[in-house]
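Q: Each chain, written out:
2 protein chains.
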Amino acid sequence: MATFERHIFICGNQRVPGHPRGCCDPEGKAELQKQIKQKLKERGLHGKVRANQSGCLDQCEHGPNLVIYPEAVWYGGVSLADVDEIIESHVMGGKPVERLRLRDSCINTPACEHKRRPDSPSK
Amino acid sequence: MATFERHIFICGNQRVPGHPRGCCDPEGKAELQKQIKQKLKERGLHGKVRANQSGCLDQCEHGPNLVIYPEAVWYGGVSLADVDEIIESHVMGGKPVERLRLRDSCINTPACEHKRRPDSPSK
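Each protein sequence line maps, in turn, to chains C and G.
Under our numbering, the first residue of the first sequence carries the number 16, and numbering increases by one thereafter.
Under our numbering, the first residue of the second sequence carries the number 16, and numbering increases by one thereafter.
None of these hints come from the bench; they were simulated from the model.
Errors might be hidden in some of the hints.
As the list claims (entries may be wrong) - Between beta-carbon pairs, the in silico distance windows are:
(1) C:127 / G:41: 18 to 28 Å
(2) C:45 / G:44: 31 to 41 Å
(3) C:87 / G:45: 21 to 31 Å
(4) C:30 / G:61: 13 to 23 Å
Where a beta carbon is used, it is the ideal one built from N, C-alpha and C, also for glycine.
Using the sequences plus the hints, can you model the full thing?
A: Set out below in structure tokens:
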């Protein structure tokens, strides 16, 4: 079967409550990864597309985050309600979901406008 | 800075001792991921290439495994002694380390010759 057609890495990182960067999976339940895995299976994509749990993807301020390879398309603020659209539009249709994409000006960018300032409320 | 030039996912999965598939990080110490991260930092690649902890990559029989995107090059049986070569040859030089690559005939292949048979010793 060879390599996965697409490989989705879903951040499951937890940080201590109140950490200024926040984190993608504060409760550590991996609900997003589990739902994507289940929905892929329902569509017959098991073994072709993998929904992989991952450690911190280092885009914490934009979480919950995931990245889809080999395209290297990053998504932020992803909720369970977005899973069907990501699978149908991007994974199956090859068309990324633009409203959820992280901008290049945010990814790995210390000056990203979404980084919390020292005096902004943490969550 | 935008997306990572390369994104390395290192399996940190543990299974119960004696599981027939084995696992990539039986002691759960993430030593491989930590070493790759440290070596990347020493070479000034922090922020450009990410050494990411990952959940099970589902190639357990070949572990310890890692995959490098966007190329989707898979490596198996990786030890701490291999880290410099992977970074220098592949990450910095763009030339995969052939002796460690998983073959396409192994990846996601139920009939792969490396799968343990029911009567073969588990580890």
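Q: Please flag the earlier hints that this structure goes against, numbers listed from lowest up.
A: The structure conflicts with hints 1 and 2, although it agrees with all the remaining ones.
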